[in-house]
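Please put together the full structure from these sequences, using the hints given.
There are 2 protein chains.
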Amino acid sequence: MADSELNGELGKTKGTRIVVIGASAAGMRAACRARRLMPDARILVIDSTAEISVGACGLPYVLAGDIDSGEDLRKTSYDVLRDQAFFENFKGVEVRCGLCADRLDLDEKLVEVIDIASGERMRIDFDKLVLTTGAKAMDPFNIPVDSKRIRAMKTPRDVRTLKHGLETGQIESVVVIGGGFIGCETAEAFSAMWGARVTLIEAMPQVLPGVLDEEMAALVHSQLKEQEVELVLGKKVMSIEEMDRGVEVMLESGRKVKADAAVCALGVVPCTEFGVEAGLNALPNGALIVDEYMQTSHPDVYAAGDCISVVHCLTGERVYLPLGSLANRHGRLIGDNLAGRRRKAGPITGSSAVKVFDLNVGRTGLTKAQAEMLGIECNSVWGTFNDKAHYYPETREIHFKLVYRTSDMSLLGLQAIGQGEVVREVDVMSSLLQRAANAADLLDLDTAYAPPYSGAVSALHFLGAAVLNAEQDGLRPIPPVSPLNAEKIIDVREPSEAGSHPVESSTAPILSIPLGKLRSKISDLNKEENILFVCARGTRSYEAARMFKNYGFEHVVYLGGGLSFRRDASFASL
Amino acid sequence: MADSELNGELGKTKGTRIVVIGASAAGMRAACRARRLMPDARILVIDSTAEISVGACGLPYVLAGDIDSGEDLRKTSYDVLRDQAFFENFKGVEVRCGLCADRLDLDEKLVEVIDIASGERMRIDFDKLVLTTGAKAMDPFNIPVDSKRIRAMKTPRDVRTLKHGLETGQIESVVVIGGGFIGCETAEAFSAMWGARVTLIEAMPQVLPGVLDEEMAALVHSQLKEQEVELVLGKKVMSIEEMDRGVEVMLESGRKVKADAAVCALGVVPCTEFGVEAGLNALPNGALIVDEYMQTSHPDVYAAGDCISVVHCLTGERVYLPLGSLANRHGRLIGDNLAGRRRKAGPITGSSAVKVFDLNVGRTGLTKAQAEMLGIECNSVWGTFNDKAHYYPETREIHFKLVYRTSDMSLLGLQAIGQGEVVREVDVMSSLLQRAANAADLLDLDTAYAPPYSGAVSALHFLGAAVLNAEQDGLRPIPPVSPLNAEKIIDVREPSEAGSHPVESSTAPILSIPLGKLRSKISDLNKEENILFVCARGTRSYEAARMFKNYGFEHVVYLGGGLSFRRDASFASL
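Protein chains in written order, with this note's numbering: chain A, 1 to 574; chain B, 575 to 1148.
Rather than coming from a laboratory, the hints here were simulated on the basis of the structure.
Careful, some of the hints might be misleading.
Claimed, not checked - In silico DSS-like links for lysine-lysine, alpha-carbon gap of 27 Å or less:
(1) B:962 with A:521
(2) A:235 with A:256
(3) B:962 with A:163
(4) B:1091 with A:549
(5) A:109 with A:136
(6) A:549 with A:517
(7) B:1123 with B:1095
(8) A:12 with A:136
(9) B:588 with B:649
(10) B:962 with B:683
(11) A:12 with B:1123
(12) A:344 with B:810
(13) B:1062 with B:1095
(14) B:586 with A:517
(15) B:683 with A:388
(16) B:799 with B:810
(17) B:710 with A:388
(18) B:710 with B:586
(19) B:962 with A:388
(20) A:12 with B:1091
(21) A:75 with B:962
(22) A:527 with B:588
(23) B:1062 with B:1123
Here's what the structure looks like:
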């Protein structure tokens, strides 16, 4: 070992030796928490790059110009850059940059690292190791590392390169490959701020696959199209070629899409070769397997962040959820457990949120597609509600889908999309999912009400009631985006509303009978017919279906979420 | 009984006879739900006024002009007025207005009502009775019913009268008596929209008594003063006199406050003489006692809304909480139970929210003062956090106070005040309070994170950690608004921040040592001294206290919520 290493934490002769590999959210939380609880520990964090502790979730907002520079994502709320000196001085944690972890020996409990600048190889012994090596952007196209026109959206460098292209006018059009969180945020950043022409390509038939069910994704599709993003769904990209003055993206279909630049946002894969080669257990995609104490298959090795898998509390299955929220929580937990506190990680519901232009998108738990894939018998209800009192000026609509287990009406998941505040309902639902609640529990939520914040009855109250109506009373919604198949469709809206979204059906006659006049018309209708009731948001049509059921009509359904949902998803290319 | 009554529901000869007294939220929900589940029931709702089903929580926003007219508060989201015809035609529920319930005979199961227009007395027999008689404004001053200058804020008529005065220039100044929800909202309505000079008088030493603890109320005081509302606290009003061209409000102290008008917002009392005289059990204030099925002491009489008391889930005590959210939920529940479903009401946490100018104020559970009054040994932590990622442009600060039971760190209550989104955290906390969660559960919340919606670590995560730091590690905050008593105060902010809020103490020397330099100064300080650490939001000062504790300093505390909280409460007249 060279002299230069015989100082700092390595030079000390006493205290638990804790080595953390990866100086991002999870790693730094673990190290700083451990330092607070273990003043005598020898704690060393290493990272291959000097640009450490980046709040990478903010990168699309740097590209958009909402945030001045990538440096801002490395700053504390009190405007101090989180660099090596910061961690040393503020947190008492030594970080060494430019060191690449090369080999892990679990028997000897040592890490071999290479100093990238000098090529020098060093050995670091540890008592406890924390792997927070993160993830890297998936790159099936082998993008040249210095490309100015083809980038991922993973590092501040990616953003600097793209932003330079936009600022100098070299990029006026872009192809975004991948319709996940980053892809959608990136499409917005290019379009909303820079007015660039954006083509968004997703191999699956919908954006945000795995995050949203298809009819919920249709709301996002509609928004993207309204914002003039060209949406190419269900098409796989075969190759990207960098030309003299642009890029050419080749689709499986043979179609070529040309643009000034391409962003590859196909998701991330865990960086775990280092640990896996040493024998740590991992999922097939490389995500390390940890227990509820965040310990890997070796008891002295902890892991957290984008390099691990987690157990979903609703299914018991291991899933890969590279989310900043988990990285932070689990990092801190490792600090606790290094200090011997033996804290367990809490149940994971898979909550996430993403802003796509004017739409707020949130979800927690399972989508219906996910639940069905796991063999869970489940049903859904939909609803369209205001986020504030409906008469309050700044009120906005939100479309909801609630998924529940059919057998016991236990809650499985919530998806919420709209211009209103969506994360509130998502977070409340997540806390219920963590506690195995059912639909009836929603009716009992004691939420804070005032007209500027909510209706007197909240969306979750209504959705809980809709589940009970469906399962106890057989009043079932049909999905908001589905063919209007019935023998008769009755639109129970007021005449004044009809213009806002016409009802269209190629198969069934459509009657317009406002709810207030429906009672007097019942005797004109045939009890044997399949009748579909529609209204603006799904409330009146439910009442109409209930009324008809009470009058002996057996085959009545209503349009969940209403024509408002259908209208907002009307551009859907499903 | 006159012929005219022998039609409608009363004319029917079959079906359960359900009589509902009071056609507001609770009553109409009960009646409409019962109708949906009991198509054959004879359901009659009576009310003394013709202006039924008013969303009265919106009245301050009508006065402010945010909402055009009081009629808008009676409209559905699809713009239909909720009058008698609406309930008849849309809901199948008969409402008779202008009928005053005069006598209840529980043995005979009959109600005697008086037709206000004709003076005629009628008898209505019932099988089930629902009392949703609401509440009336407290009026110790016997305000003349036709006064143009002294009004409550309880009915659309109150608002019409006041708004007319504002529009015609007769009201340019107002005294608002009572600093509760309505008082605060009314102060805003007069001032923000109309530029009226507002004096807000509250008999208690703080606004929102019973809702907020004193240091939290201090944030609201500061906002009210910033908005040029004259705040008179701890002063009782003895009388109000209407003069030729104004009003004169006489305080206990002898001071007279003159203005063009006065609004009396002293709270409400339940309208239950009718039921209490018949022998139904009630609290001393008249609020009816109901069980978890919303049944009064007579099994065939249900009650809900502003005329009942509820059991607080954290204390088991009966409390009077006249909230629109409860009225709606409990009304629907009565409908279920009338139909024989035997549903129980959910646990009540006492969640509420109110907008006071630019501040959003939310709370759930118990305040510290309430918990202490009940003999619960409890502690608090405070925190100041952003509602979005701290680098996101539209991020706003929120100040929090979390109250917990000392013995087991179980959660007791949350108060949140700031320009950011507060109701989200309140609603999540309420769902936890309903389930007897503790501080460690907060650390495990799986919240949805994206920079436009939250930080990667949410306020509730931080607050949970602060409780554990206090109780497990003895790292205690002092209240953000309290004298800075210590032998030494160390301000660990950066030099660049010091201007934003100077630290002032008459007793202790103040050292300015940024957190990043603190480690190197430890040896200069005396381990025996009481040291108070301060920073902007309470995070760095906690870290400093932890560091000093680790170095053997026993008497260290930090300023909860930080100087930011203190600054925002700096006008406090506590």
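Unsatisfied constraints (hint numbers, rising): 1, 4, 8, 9, 10, 12, 15, 18
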